[in-house]
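Q: Read off the chains here:
Protein chains: 2
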Amino acid sequence: MTTLSVFLDVPLAQKLEGSLLKTYKQDSCPKKIFLAFRVCQTSKGQPWVSSVVPKMRLQIAQDPSLNYEYLPVNGMRSFTEASLKLLFGKHNQVIVENRVGGVHTVGDNGAFQLGAQFLKIWRKDSQTVFIMSSKKEPYGLVFQDMGFTVREYSFWDSKQLCMDANVLLKQAPHDSIFVIGNICDCNLTQSQWATLMASLKNKRIFLFFDISSQGLSTGDLEKDTGFLQYFVSQGFEFFCSQSLSKTFGIYDEGVGILVVVALNNELLLCVLSQLMKLTQALWLNPPITGARIITSILCNPALQEEWKQSLKGLVENIMLIKEKVKEKLRLLGTPGSWDHITDQNGSHSYLGLNIQQVEYLVRKKHIYLPKNSRINFTCINAHNIDYITQSINEAVLSTKGLD
Amino acid sequence: MTTLSVFLDVPLAQKLEGSLLKTYKQDSCPKKIFLAFRVCQTSKGQPWVSSVVPKMRLQIAQDPSLNYEYLPVNGMRSFTEASLKLLFGKHNQVIVENRVGGVHTVGDNGAFQLGAQFLKIWRKDSQTVFIMSSKKEPYGLVFQDMGFTVREYSFWDSKQLCMDANVLLKQAPHDSIFVIGNICDCNLTQSQWATLMASLKNKRIFLFFDISSQGLSTGDLEKDTGFLQYFVSQGFEFFCSQSLSKTFGIYDEGVGILVVVALNNELLLCVLSQLMKLTQALWLNPPITGARIITSILCNPALQEEWKQSLKGLVENIMLIKEKVKEKLRLLGTPGSWDHITDQNGSHSYLGLNIQQVEYLVRKKHIYLPKNSRINFTCINAHNIDYITQSINEAVLSTKGLD
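For the protein sequence lines, the chains are R and S, in the order given. Quick note: the first sequence uses the UniProt record's numbering, first residue 1, plus one each step. Quick note: the second sequence uses the UniProt record's numbering, first residue 1, plus one each step.
Just chain R, same shape as in the assembly (with noise of 0.2 angstroms):
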């Protein structure tokens, strides 16, 4: 056939993510152990399900009430409105005054998707976004491919062992975005938020959170996302990415919300009117059944107060191993203070390793994580705590020195 193809100027794209999994998933060493998994690991290294999810699941396909309709465009109503009750509580300010709202998302970066193209549009002044390095790789991308200068940050102070949020004020110039994940964890004082809501304000940056496990830091749902109401009391306006798969342990069913903050309702109401209208080109009618298990829970009480116990579980499950790595490590008389382990909250913690150490253990032990040393606490386990805490004392010991 001598016809030329249409798609010869297509080169192969490069591989992006899952470069470290894939030379795990090559190794053939049976001692090999990956620390990096997006999702909270079970003590016998499965994806954390809360209990409340299979029932639900079984409740749903048995409802013979239920119709399979298309969804409106702007999702399920009934789960967006849980959903904002979860995040802001109740009573909270902006839903008494109706200035939220939000737009039902499709998988782990819809929200973000969705938000990007809303900003390209509507601020064109905002053409660089800074990005926490732990997110880089997903949402980088996103606005990366809009045509934005994605830059990465992040809060953690690899000298100090600690979150620092200064960062921000530090490296944001006028008119950025900022995308946003867990900023309680950096423990700031009074004095600190009202230094750091007043810079953001005069640099007029435009705040993009990334609420993606709340419940998960602290085992306290409110206590996790209370920032964000310190953040509405002080006049912001700001979009965040909902996503509650993780939270209730449906991966398969990449679900979230967009949530819009504005000053008023009315703002509120043209915001979300061009959000529709991208979402309408984007998937138009998102898939239901993730949202329909989480609707289903968040409106029962008594369901809703069992998946609050299996997270608090979870989060118990967390602290313990992160206790037992620090203990273990001490026994082992490990240098350093590993104090900072248990000081950091969730699933994903700095183990506080420099690059050599995180080398070590990816060469020599077949222990997988990433350079920044960032891990899922949940990948270990009974089976495997004893094989990791000795290959870092190995490794600390090993490196001694090098710095």
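Take these hints with a grain of salt, some might be off.
Note: identical chains are not told apart, hence a pair may lie in one copy or across any two.
Unchecked claim - Lysine to aspartate or glutamate pairs mimicking EDC-like chemistry, simulated, CA-CA at most 16 angstroms apart:
{"hint": "1", "residue 1": "K44", "residue 2": "E69"}
{"hint": "2", "residue 1": "K124", "residue 2": "D9"}
{"hint": "3", "residue 1": "K32", "residue 2": "D145"}
{"hint": "4", "residue 1": "K120", "residue 2": "D145"}
{"hint": "5", "residue 1": "K25", "residue 2": "E316"}
For the record, the hints were derived by calculation from the structure and aren't laboratory data.
Given the coordinates of chain R, assemble chain S onto it according to the supplied hints.
A: Chain S only, in chain R's frame:
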């Protein structure tokens, strides 16, 4: 509060879709009928669902062996494979030669969103898109938002009351993109096909097929998409949006595939790799439920057979409704030939009324249908067929001589 809103310049977006449905809903007349639902209706006016689907939903919810982990970026591989086999037939040339592939997409617009993004980047010369008028609203918006010039066309010849594929030849400028639905309804002769193909090649027109109801035209899955094989055999490269929600009755789980046919495997892999990159930014991991239900049915011969039979039953019912409408109009002595009703395949077909007649039905009879008189015949049932046919008769008589 004196702060100026970030969203100050954002106007309220115009609503694009559903104005007919909205007017219908606001109509308080008890006789009102809506003839333009997107999905097939049962004789009781409920959305049609294949009998095999509820069973499969239950089976999936009860299966303890399933894992709920994230799907990879390219989606569920077994779903893509099973769907491609359905589209092309197991032993088709493109499958054997390994030059067809697909990406699991989300919602009814997902495949067009993904395909349009690709074409925007990799076919910079193709900036005009022709879309069949019945699908202009959902798909046109996708291309329009990305800066393409969108024009509409229709195979329906409202004078001759038949389908005419020659519009493709007349209207299309060089290097344009054509979104094509069910071309097999045009009943082209071998020589007309040959002329059409030569002209498309000569004008370097890129084809983007829309297969959203395979099997619903003739009741025969292979026959409905046979024309795709003809394009393949003639050395065409193309995209195809394959949507399976309508043919299974899983409207709430909008799921599909962006199908790519390339001249060889190497080209295919390049295109798929670029699509994967775009998918990552769009939704990262697609939701699984719709794909899981469909794959479980397609990969089980007994269930597949049950699904095919349910589809056949649906198509037979559509034909029966059309026959009845034609017969009732004949008995009423309605002027004109109504053969075009039964000459057209599928649930959605043209009634062949002019604008005055449509207006008459909407305003005087509370029967809601689009201006081009393309209706969903499954909205007609034993309860409303007499009222509908009598009203059509009145409409035709009352506007006689107005043309």
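Q: Now, for every hint given, state plainly whether the structure supports it.
A: Results of checking the hints against the structure:
1. Taking the shortest Cα distances, K44 and E69 sit within 16 angstroms of each other only across copies (15 angstroms), while inside one copy they are farther apart (39 angstroms).
2. When the C-alpha separation of K124 and D9 is checked against a cutoff of 16 angstroms, the pair qualifies only between copies, where the shortest distance is 11 angstroms, while the shortest distance within a copy is 31 angstroms.
3. Taking identical chains as interchangeable, the C-alpha atoms of K32 and D145 are never at most 16 angstroms apart, the minima being 35 angstroms within one chain and 48 angstroms between chains.
4. With identical chains, the CA atoms of K120 and D145 are at most 16 angstroms apart both within one copy (11 angstroms) and between copies (12 angstroms).
5. Taking identical chains as interchangeable, the C-alpha atoms of K25 and E316 are never at most 16 angstroms apart, the minima being 30 angstroms within one chain and 51 angstroms between chains.
Of the numbered hints given earlier, the model fails hints 3, 5; all others are met.
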